[in-house]
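Each chain is listed here by its residues.
2 protein chains.
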Amino acid sequence: MYVIVVYDVNVDRVNRIKKFLRRYLTWIQNSVFEGEITPADLEEVKMGIREIIDEDEDMVVIYRLPSSKSLNREIMGVDKSGSEEII
Amino acid sequence: MYVIVVYDVNVDRVNRIKKFLRRYLTWIQNSVFEGEITPADLEEVKMGIREIIDEDEDMVVIYRLPSSKSLNREIMGVDKSGSEEII
Numbered sequence: 010m011y012v013i014v015v016y017d018v019n020v021d022r023v024n025r026i027k028k029f030l031r032r033y034l035t036w037i038q039n040s041v042f043e044g045e046i047t048p049a050d051l052e053e054v055k056m057g058i059r060e061i062i063d064e065d066e067d068m069v070v071i072y073r074l075p076s077s078k079s080l081n082r083e084i085m086g087v088d089k090s091g092s093e094e095i096i
Numbered sequence: 010m011y012v013i014v015v016y017d018v019n020v021d022r023v024n025r026i027k028k029f030l031r032r033y034l035t036w037i038q039n040s041v042f043e044g045e046i047t048p049a050d051l052e053e054v055k056m057g058i059r060e061i062i063d064e065d066e067d068m069v070v071i072y073r074l075p076s077s078k079s080l081n082r083e084i085m086g087v088d089k090s091g092s093e094e095i096i
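Chain order of the listed sequences is A and B. Counting in the numbering used here, the first sequence runs from 10 upward without gaps. Counting in the numbering used here, the second sequence runs from 10 upward without gaps.
One should not assume that every hint holds.
No copy labels: a pair is met if it fits in one copy or bridges any two.
[Said to hold, decoys possible] Mimicking SDA-like on lysine to any residue, the simulated pairs with C-alpha atoms at most 20 Å apart in a straight line are:
1. K27 to G86
2. K78 to M10
3. K55 to D88
4. K27 to L51
5. K27 to R59
6. K78 to Y11
7. K28 to S79
8. K55 to E83
9. K89 to I61
10. K89 to E64
11. K28 to S77
12. K27 to R73
13. K28 to E52
14. K55 to N81
15. K89 to N39
16. K27 to E45
17. K28 to K89
18. K89 to E52
19. K89 to D63
20. K28 to L51
21. K27 to N39
22. K55 to K89
23. K89 to L51
24. K55 to V87
Don't read these hints as lab results, they were simulated from the structure. The structure presented is a predicted model; accordingly, all values stated were derived computationally and were not measured.
Please model the entire structure based on the sequences and the hints provided.
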């Protein structure tokens, strides 16, 4: 399956969630990751997110698709996804 | 068709792009909009984005799908989409 993960978390947790998601997915831009993922890894991702976020303050949206075949991605402006800064 | 729009723009332009996208789509969380859109409206959205952003500094990603049928959205943490703050 294919997922797009977008998060809106307190600045104190931004680096932690970014570092965690990078283990499973590709960084696209500030607060956005995507990639092909197995159901087992997706469960791990959700567990990890639950451990990192404050559920009363932060929000994470996981968009799930059967595959990326029907998904078209268009980038406007700078494509930052190829040149990720090191944190 | 169905779109998810995520943006990473300079803070000077955040309110402008948010206000603009809200005319066409539903605000989901910080920097994320989504919704059903016609091809004509999507063209308007792209033109509007091009006018607002600085193409050397800002980045906008438009994910396009034939429909939302194959898209599953899961929210973790606070669901902010129902209680949008007024800007």
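To test your reading of the hints: which numbers does this structure violate?
7, 11, 18 and 23
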